[in-house]
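S.K.: From first to last, the protein sequence lines are chains A, B and C. The first sequence begins at 10 in our numbering and counts up one residue at a time. The second sequence begins at 6 in our numbering and counts up one residue at a time. The third sequence begins at 106 in our numbering and counts up one residue at a time.
Hints are computed from structural coordinates only; laboratory data are not their basis. Positions of the beta carbon are idealized from the N, C-alpha and C atoms, including for glycine. Heads up, a few of these hints could be off.
For the chain C half of the interface with chain B, some residues (derived, Cβ under 7 Å), not all of them [unchecked claim]:
no.	residue
1	Arg114
2	Ser117
3	Ser121
4	Asn129
5	Asn133
6	Leu137
7	Leu138
8	Pro139
9	Phe143
10	Arg204
11	Arg205
12	Ala209
13	Pro211
14	Gly367
Calculated Cβ distances over 12 Å to all of chain C for the following chain A residues [what the hints assert, rightly or not]:
no.	residue
15	Ala20
16	Ala27
17	Phe42
18	Ala56
19	Gly115
20	Leu163
21	His211
22	Leu243
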Amino acid sequence: MTALTHSPMPAQVGLLAARAIKGTLRNPAQMVFPIVFPLVLLAVNAAGLDAATDLPGFPADSYLDFALAIPFMQGALFAALNGGQDLARDIEGGFLDRLAMTPLSGAALLAGQLGGALFMGLISAVLYLAVGVAFGVGIAAGAGGALVLLLLSLAISSAFACLGTFVALRGGTGEAVQGFFPLFFVLLFLSSAFFPRDLIEHEWFRTIATYNPVSYMVEGIRSLVISGWDGQALAQAFAIALIAIVGFLALSARALRTRLVRT
Amino acid sequence: MTHERAIDVAGLVREFKGGVRAVDGIDLHVAAGEIYGFLGPNGAGKSTTVKVLTTLLPPSGGRATVAGFDVAREGAKVRASIGVALQDVALDPMLTGREHMRLQGGLQGIPRAERARRGAELLDRVGLSDAADRRSKTYSGGMKRRLDLALALLHNPRILFLDEPTTGLDVQSRTALWDEVERLARQEGTTVFLTTQYLEEADVLADRVGIIDRGTIVAEGTPAELKAQVAKPTVEFTPRDAGQCSIAAAALAPFGEPVAARRDGSIAVRLESGADQLADIVRALDHAKIAVAHLALHEPTLDDVFLAKTGRSLEGAADGGTAEEIAPPRRDRVAA
Amino acid sequence: MTAAGTVARTRSVALSVAWRSVHNAFHNPAILLPSVLFPLFFFMAFAGGLSSVQNVPEFDYRSGYTSFQFAFICIQSAAFGGVFTGFAIAGDFEFGFARRLLLAAPNRSGIVAGYMIGAMVRWMFVLAVVFSAALISGMRIDGSLGHLLALLVLALVVSATSTLWAAGIAMRLRTMQAGPVMQMPIFILLFLAPVYVPLHLVAGWVHDVAQLNPFTALLETARGFIAGEPTKVALSAVCLVAMFTLVVGWARGGLHSAERAG
Ligand SMILES: Nc1ncnc2c1ncn2[C@@H]1O[C@H](COP(=O)(O)OP(=O)(O)OP(=O)(O)O)[C@@H](O)[C@H]1O
Ligand SMILES: [Mg+2]
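Model the full structure from these sequences, guided by the hints.
M.R.: Encoded structure:
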């Protein structure tokens, strides 16, 4: 703790992130489900919906190529959930109060907390990419595209992690974060993640998917896999992720201030 | 059908995984209509005994019948005859008091028409009428215990098992519960098997007491018998004239050996053959022309019994009068 | 006690336990909402978002994609309803309430039967909600009332089966933490069946696995009833009877384990 008080801000962030990452690594069971579950779902969906690639206008030859973007999104969701729950645990267990006694800046606290979530997001993203390639998915945008894909999925993980952080700070309990989780999934399922938007038959569904920002995040990742360099798709995806990061970070900072004042 | 013996236990053993013999070969008999107090410190095996007798746990050895039915082989018949309030209340936080009664009525197969009436009557008897329509999660600890008791009584069981029923109750609720247990036993002839850590409770309430320690019964009998067995009453006597002390001591010598007195200027004697000798003592003192300022008879307590049987004190060592009562701290003893 | 008396008492116990299960669900949104919203949401996402897949030439189901998915949601919600009840059973054992039931019931199988009935009643409420949503969204039903009743019976048996499966685990482990152990196998069985398209359109290894999965037959039969073209009814019946028999034994073992542990 004393080391922390005299350190400059980057060191503070490093210490807190290291703590978050260690917490994650120390409980490997916590990592298995979030990483395996999306892969199982991918396998099942790839087999179940492969027939859809026969539809005229379907943008990929294999549903696996098309759906590879989904695990990245789910990995980001789980990272956000875990990060949010860790933070909620700190709040419930009083660790946050202890940190509040130190001259630690709020920004460092948030960045450190996010570090843990991002670490997990990155690990799972690399894994999904490797599994995809191993099962014959070609990255249309090439090796550089794969790098951008990891970068984009990191940005998306950050966006959701900021949301998770905000929920944890506002709600202050693990249940509040857990209760939010289904909403993340609703956002994913009511997007263009499982079907190309222009092939969705039902008008109401297409409308929801069009207004759902998750659609654009998925489409950004997908464009790198199935169509190569698509400037517009990438720009939209990065823009939405960045807006979400900035917005939720600002909200989190405010929530953190009230929480530190209140407690 | 009436049974001479409501509960009959012979060589009962219950061993848990890992070799803990929580009940290690106990024998006990409870007559119909009797209140039996099962007394023992934490971890003695009281709750385990209750669970075996109420068919919640199968015995690992020995035999036990309740209401004439074997607990291991005739569980259903045993359950139909007994009411049970366990140490940890078994309530559903989502149900109200009234809904609990309704559920219990159904579980016990009480005719539908009778359920509501009996439920309301019992809620009233345990003083929960006002809270009857609130969820049990809003009840205080004492209210939960009282609801648990009411549920145990719903089907008019002939034998009632109460595992530490007064733990956590305030003085008033405790006295009310004692009255209710007495009423059930005396007026309705219910047999009551009651475990307790409180000496006073066993002493006041129980017709007979069994003292269990580390899975075995170390003493059994009526409270008076038990006390008489181990510790004889002492008589303590203060002469009006302090100079008469030695004469008085000589006069009392035939009745028993002298012991340390509690008051200054007094002499105390442990009576060899019990309190019956009191009249003779008075006569002897009169005969020696000794004027009495104060005469007291000290009955032994159940704690003296426990101490004599186990070498340890049941209650906090601080209460003890003699040095030997300061028991070595026990692993499983929790400060009351 | 006479034999008839025992039967009456066991029934009374079962009905009381079922009453509590239903009562608690309807008085506690935290229990009821997930069990209604999850199926409703899956139905919405699948029937709404994936319907184009029925335009694939070999997609040969005549009643439309909404019906195709309704049949799946029917089975899925029945199976998951049983698992949700399993969570509740585990909680009852973990927090001691189950002792009240164990102490009162002359025949303790009645307790398990009660949980099972409760799960079925709760599921029927879920079904009513999803069915209404399906009708509103224009589901086509080509089967007769008889076919629909047959579908109802099929799903009810699925609900009972999954309840007994989950109860067997709940009574062995007696902690709410056992939740994933109840849920995972059911989840895997359900999704290694033809969820999105008919079996012959499922690709790769999932196709091979799905061919051996009893839920494949159940799904095909359920879809057949809605289309008015009963399919593989005998096979499904055999699967159901076999699975039900297995889980009865499984649940009985669980009950014994709980009885031994007190
Ligand atoms: N399920 C179990 N598994 C293993 N050991 C157990 C189990 N239940 C009880 N025991 C052990 O058996 C012994 C007797 O426990 P029991 O609950 O019968 O004591 P008790 O006399 O009721 O104590 P208390 O006054 O604390 O309620 C203890 O050592 C306890 O640890
Ligand atoms: Mg006890």
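S.K.: Checking hints one by one. Is C:Leu138 an interface residue toward chain B, by the C-beta closer than 7 Å rule?
M.R.: violated (15 Å)
S.K.: Is the nearest Cβ of chain C still more than 12 Å from the Cβ of A:Ala20?
M.R.: It holds; A:Ala20 is separated from chain C by about 38 Å at its closest Cβ, greater than 12 Å.
S.K.: Quick one: work out the minimum CB distance from A:Leu163 to chain C and report holds if it exceeds 12 Å, violated otherwise.
M.R.: holds (27 Å)
S.K.: Quick one, is the C:Pro211 hint okay against chain B at 7 Å, beta carbons?
M.R.: Interface hint status for C:Pro211: holds (4 Å vs cutoff 7 Å).
S.K.: Please check whether C:Phe143 passes as an interface residue: C-beta within 7 Å of a C-beta belonging to chain B.
M.R.: violated (21 Å)
S.K.: Are all C-beta atoms of chain C more than 12 Å from that of A:Leu243?
M.R.: Given a closest Cβ separation of 24 Å, the condition holds.
S.K.: Holds or violated: is there a CB of chain B closer than 7 Å to the CB of C:Pro139?
M.R.: Result: violated, 16 Å to nearest chain B Cβ.
S.K.: Would the non-interface assignment of A:Phe42 survive a Cβ cutoff of 12 Å against chain C?
M.R.: About 8 Å separates A:Phe42 from the closest Cβ of chain C, which leaves it inside 12 Å; violated.
S.K.: Are C:Ala209 and chain B close enough, Cβ to Cβ, to be under 7 Å, as the hint says?
M.R.: Constraint on C:Ala209 satisfied, holds at 4 Å.
S.K.: For A:Gly115, is the shortest beta carbon distance to chain C beyond 12 Å?
M.R.: holds (33 Å)
S.K.: Let's test the interface hint: is any C-beta of chain B closer than 7 Å to that of C:Gly367?
M.R.: Constraint on C:Gly367 satisfied, holds at 4 Å.
S.K.: Close enough to count: is the Cβ of C:Arg205 nearer than 7 Å to one in chain B?
M.R.: holds (4 Å)
Checked against the numbered hints given earlier, this structure breaks hints 6, 7, 8, 9, 17, 18, 21; the rest are met.
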